[in-house]
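Colleague: Chains A and B are the protein sequences, given in the same order.
Going letter by letter, the first sequence gives residues 1 to 112 in the numbering used here.
Going letter by letter, the second sequence gives residues 1 to 114 in the numbering used here.
Don't read these hints as lab results, they were simulated from the structure.
Watch out, some of these pointers could steer you wrong.
Far from chain B, some chain A residues (derived; all Cβ distances over 12 Å) [to be verified]:
(1) Y25
(2) S27
(3) H75
Reference excerpt, derived from the structure (chain B facing chain A, CB under 8 Å, subset only) [claimed, not checked]:
(4) G42
(5) F45
(6) E75
(7) Y103
(8) T104
(9) F105
(10) L111
Here are the computed lysine-lysine pairs in the BS3-like style, where the Cα-Cα straight-line distance is at most 30 Å [as the list claims (entries may be wrong)]:
(11) A/K49 x A/K69
(12) B/K57 x B/K13
(13) A/K49 x B/K57
(14) A/K69 x B/K57
(15) A/K69 x A/K58
Quantities reported herein were computed from a predicted structural model and do not represent experimental measurements.
C-beta atoms are modelled at their ideal positions from N, C-alpha and C, and glycine is treated no differently.
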Amino acid sequence: AQSVTQLDSQVPVFEEAPVELRCNYSSSVSVYLFWYVQYPNQGLQLLLKYLSGSTLVKGINGFEAEFNKSQTSFHLRKPSVHISDTAEYFCAVRDSWGKLQFGAGTQVVVTP
Amino acid sequence: KAGVTQTPRYLIKTRGQQVTLSCSPISGHRSVSWYQQTPGQGLQFLFEYFSETQRNKGNFPGRFSGRQFSNSRSEMNVSTLELGDSALYLCASSSETGASYGYTFGSGTRLTVV
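Excised from the complex, chain B in its bound form (with noise of 0.2 Å):
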C-alpha cells in the first residue's frame, strides 16, 4: 500500500512569511505526528491529531499549528518564519492496533528560510 506522502519536497521561504506543509497518511491510519529535524537538536515533536483532534502538543511556539482533516490528511503551518524554523519537517503515521503497532514516516518536506 501506499506510504506517508509529504508535500512539497523542498521549500525555500524568507523571514516573516507563513508556510504550510502537507501530510497524507496510510489508508487506514487515523493517527499523524509531526516532528523537525535540526542538526543541532535532533528530532523534536511537535504534534499529533487523531480523528481531527489536536491529541497532544510538544514545546513549540503559537507559531506552529496544524490540522487533521476528515480523511485523515494533515497539514501543518507556521507564521512569521524565523531562520531559526529551517529544518526537515518530518509526519508519521501510525497504527495503533495489535501487531502493527508503528509509525511510518514520509520523506520529509526540507524548509529553508532565508
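Only chain A is shown next, with the shape it has when bound in the complex (with noise of 0.2 Å):
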C-alpha cells in the first residue's frame, strides 16, 4: 500500500530565505506524486507533479521537486519566499487504485 509521510509539520522561514518541504512516500508500483497548496478556507492548488521523466520538476510560483527514487523522497524547495507564500502544503502518491494518499501538510509560516 501506498503512504506519504510528510516530516514537518510547520516550518517558519523568513522572508526571501530559501525553503525545503520533506516528503517520503512508500510504494510498490510505479508512482505518480503530486505537491498542493492551500491558503485559508480555499481549495487545493496543484503546484507541480512527476509522472515520468526528468526527476526535477518545476511548479508554479517559483515551486520545483526532485523525484529521488532510492531515497523514496519527492521533497519540495524554493530558493526564496514570498509572504504570500504563507499556506499548508500537501505531498500526496496516487496509488495503485487511482486515488490520492496524502500526507499530513506542512504549515509554512513566511515573516518578514
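Once you've looked at the hints, go ahead and assemble the two chains, each given alone in its own frame, into the complex.
Modeller: Dropping the structure here:
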C-alpha cells in the first residue's frame, strides 16, 4: 500500500530565504507524485507533479521538486519565499487504485 | 477553461439531518473524486466516480454516498448527520490521459453540523 510522510508539520521561514519541505513516500508500484498548496478557506491548488521523465520538476510560483527513487523522496523547494507563500502544503501519491494518498501537511509561515 | 465548481460553499446543518453537496468537474473530465478534510484526520478519500460508476470507495460508513450524472456532475449525500461530519469536503476532477494527467480540486464545501 502507498503512503506519504511529510516530515515537518510546521516550517517557519523569513521572507526571501529558501525553504525545503520534505516528503517521503512508500510505494510498490510506479509512482505519480504531487504537491498541492492550500490557502486559508480554499481548496487545493496543484503546484507540480511527477509522472515520469526528468527527476527535477518545475512548478508554479517558483517551486520545484526532485524525485529521488532510491531515497523514496519528493522534496519541495523554493529559493526565495514571499509572504504570500504562507499556506499549508500537501504531498500526495497516486495509489494503484487511482486515488490520492495525502501526507499530513506542512504549514509554512513566512515572516518579514 | 472553467475550474471545478462546488456548491454550496458553506452549509450549517443540525444533527440527524441529511445534506447533499454538488460538484461540477472541468469540461471533458470523466472522473470525480471526493475527499473529507478535518484537522484531526487530514485529507481522507471518500469515493470516486467515473462515467457514472463508482470506481473506488474509502473507509467511510454507508451514511456517505454519492452518484454521478451523465454530464459528469457529481453529488455526495450524507444522511443522519453527526457532529463529527463537520469538515471541508473537497471534490477533484481528473484527466487520465498523457501529460495532462492530474487532479484539479474545487474550493470545497464547508459543512458545519450543530
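Colleague: Does B/F45 hold up as a contact with chain A if the rule is Cβ-Cβ below 8 Å?
Modeller: The hint holds - B/F45 has a Cβ within 8 Å of chain A, the shortest such distance being about 5 Å.
Colleague: So is A/S27 really clear of chain B, every C-beta pair being over 12 Å apart?
Modeller: A/S27 is indeed farther than 12 Å from all Cβ atoms of chain B, at 16 Å.
Colleague: Straight-line Cα separation of A/K69 and A/K58 no greater than 30 Å?
Modeller: holds (17 Å)
Colleague: With the threshold set at 30 Å, check whether the alpha-carbon distance from A/K49 to A/K69 stays at or below it.
Modeller: Answer holds: A/K49 to A/K69 is near 15 Å, not above 30 Å.
Colleague: Run the C-beta distances from A/Y25 to all of chain B and say if the shortest one exceeds 12 Å.
Modeller: Its Cβ never comes within 12 Å of chain B, the nearest being 15 Å, so this holds.
Colleague: Using Cβ atoms only, decide whether B/L111 comes closer than 8 Å to chain A, and label the hint accordingly.
Modeller: violated (14 Å)
Colleague: Mind checking the CB of B/E75 against every CB in chain A and telling me if the closest is under 8 Å?
Modeller: violated (17 Å)
Colleague: When you check the alpha-carbon spacing of B/K57 and B/K13, does it fall within 30 Å?
Modeller: Holds. B/K57 to B/K13 sits at ~25 Å (cutoff 30 Å).
Colleague: Does B/K57 lie within 30 Å of A/K69 when you go C-alpha to C-alpha?
Modeller: holds (29 Å)
Colleague: Just double-check A/H75 for me: nearest Cβ-Cβ distance to chain B has to come out over 12 Å.
Modeller: holds (20 Å)
Colleague: Starting from A/K49, check that the Cα of B/K57 is at most 30 Å away, please.
Modeller: holds (24 Å)
Colleague: Taking the closest Cβ pair, is B/Y103 under 8 Å from chain A?
Modeller: holds (6 Å)
In summary, the structure is inconsistent with hints 6 and 10 from the numbered list given earlier, while agreeing with the others.
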